[in-house]
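K.L.:
Quick mapping for you: the protein sequence lines, in order, are chains A and B. For the first sequence, the residue numbers in our numbering are 1 to 321. For the second sequence, the residue numbers in our numbering are 322 to 404.
Just so you know, the hints here were simulated from the structure itself, not pulled from any lab data. Only a predicted model underlies this, so the values are computations on that prediction, with no experimental measurement involved. Yeah, the Cβ is synthetic: ideal placement off N, Cα and C, and Gly gets one too. The reader is advised that the hints may include incorrect statements.
[Unchecked claim] Quick partial rundown of chain B residues pointing at chain A, CB under 7 Å, derived from the structure:
#1 ASP366
#2 LEU389
#3 LEU390
[Stated by the list, open to error] Stretch-level coverage of chain B by chain A, calculated; a stretch enters the list once three of its residues show a Cβ under 8 Å from a Cβ in chain A:
#4 323–330
#5 335–349
#6 377–383
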Amino acid sequence: MKNFSSKTKASYRRNSNHRTIRTTLLWVAGAVAVVYVLGSIIAYLFAYVSKPVLVVRTWLTESTDTVPMYFRERSALIDEIAVLEEQLSAKSGSAVTLARVTRENEELRALLGGGHDQRIAAGVVARPPFLPYDALLIDRGTAHGIQKNAIVYHFNDQAIGFVSRVFEQSALVTLFSTAGAASTVYIMGPDIYTTAYGMGGGVVRVSVPQGIALAAGNVVLLPSLHTGHLGRINSVQSVSTQPEQYGFVTADIPIQSLRLVSVSTQVFEPITFEEAETYIASLTYDMLKIDVPADVLAEVGTSTVASSTPLTASSTPSTQE
Amino acid sequence: MRFWIFIAVLIVALTLPVWCFLISAALYALWRPAYELLCIGVCIDAQFGVVYEGLPYLYTLSAGGIILLADMMKPLLMVYDTT
Numbered sequence: 001m002k003n004f005s006s007k008t009k010a011s012y013r014r015n016s017n018h019r020t021i022r023t024t025l026l027w028v029a030g031a032v033a034v035v036y037v038l039g040s041i042i043a044y045l046f047a048y049v050s051k052p053v054l055v056v057r058t059w060l061t062e063s064t065d066t067v068p069m070y071f072r073e074r075s076a077l078i079d080e081i082a083v084l085e086e087q088l089s090a091k092s093g094s095a096v097t098l099a100r101v102t103r104e105n106e107e108l109r110a111l112l113g114g115g116h117d118q119r120i121a122a123g124v125v126a127r128p129p130f131l132p133y134d135a136l137l138i139d140r141g142t143a144h145g146i147q148k149n150a151i152v153y154h155f156n157d158q159a160i161g162f163v164s165r166v167f168e169q170s171a172l173v174t175l176f177s178t179a180g181a182a183s184t185v186y187i188m189g190p191d192i193y194t195t196a197y198g199m200g201g202g203v204v205r206v207s208v209p210q211g212i213a214l215a216a217g218n219v220v221l222l223p224s225l226h227t228g229h230l231g232r233i234n235s236v237q238s239v240s241t242q243p244e245q246y247g248f249v250t251a252d253i254p255i256q257s258l259r260l261v262s263v264s265t266q267v268f269e270p271i272t273f274e275e276a277e278t279y280i281a282s283l284t285y286d287m288l289k290i291d292v293p294a295d296v297l298a299e300v301g302t303s304t305v306a307s308s309t310p311l312t313a314s315s316t317p318s319t320q321e
Numbered sequence: 322m323r324f325w326i327f328i329a330v331l332i333v334a335l336t337l338p339v340w341c342f343l344i345s346a347a348l349y350a351l352w353r354p355a356y357e358l359l360c361i362g363v364c365i366d367a368q369f370g371v372v373y374e375g376l377p378y379l380y381t382l383s384a385g386g387i388i389l390l391a392d393m394m395k396p397l398l399m400v401y402d403t404t
């Protein structure tokens, strides 16, 4: 009887199902192992496939060229009168192009002008939510001088992430807001060091003990970088019964809106706490100083100050005579 | 035919959010045995999977799960019953 039941159709199907499931699990395990072991090589090769596709997608969805504009606005265009529609679309197209070029010009000036180190401007090809992780794909790679572990900025000095993988014509930028990414930060206002943790979705969380005056708007610096801040505290979550309070830091511009970034040509190197202290001190105290000509500046030791000269920069009591 | 549908799934995976990939992969896996979906997962996770928390195998494991579910569901769906 037992021998018979093992040969029935139902039993055959059950055994076949088990075999299929086992085979599938083996394939999945093998695939994960392949990603783990050969990930770098596959990523390098796949970059040649993925970049053109992502560039086309960006062109279709964001470009103001005639063809993608036509496809995006086709349904609206059909409903309008033909002649007026052409004139209107031409005018609006010119206005959009003008606005885009103006905005791009401002962004490029902000990206490249007045920086402390050399930067490489790069366009963002793919960003969340089209990428499942908190990452950006930029259109510059080793061929343009991008190096692994270089810091990536938005505008002049807002550090948003670092280059985690570099390909010949593109690079992957991992954002500081990636879930679990930890970084030492300095919060201006309460003037404390703490650790910031990425929460995903462009949000970074800092946690400090209760009693510290954490407030929305506090600037959060990255002392490990000689230029750049992480952002501002957007909101504070404080429950008096809890031992700690949380501040949530977001970038000035949502990551979904990033179009251009600049990449440092220098590779990030870790610094010591003493170096970080020196940097913070220079920011805290030197940021309010300006270069005042010696004949205007009234300080002890300047003997040529006329009595009618307004005291513009110093409040030292000895000069108030 | 199968090759071009596979390319379409690959483009969906690259250009649209992850849930679009899941839907298209599920349809593909219900249509035919679809171990090649793992290739898409492997490639995307290898290139974009840089995380600090959790596993950077979102696409690979999703593709595997879909293949597994499709294989388990096929005997239960009447459309596959040709007898």
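K.L.:
Now tell me, hint by hint, if it's right for this structure.
P.N.:
Hints, one by one, checked against the model:
no.	hint	in the structure
1	ASP366	holds (5 Å)
2	LEU389	holds (5 Å)
3	LEU390	violated (10 Å)
4	323–330	violated (count 0)
5	335–349	holds (count 5)
6	377–383	holds (count 6)
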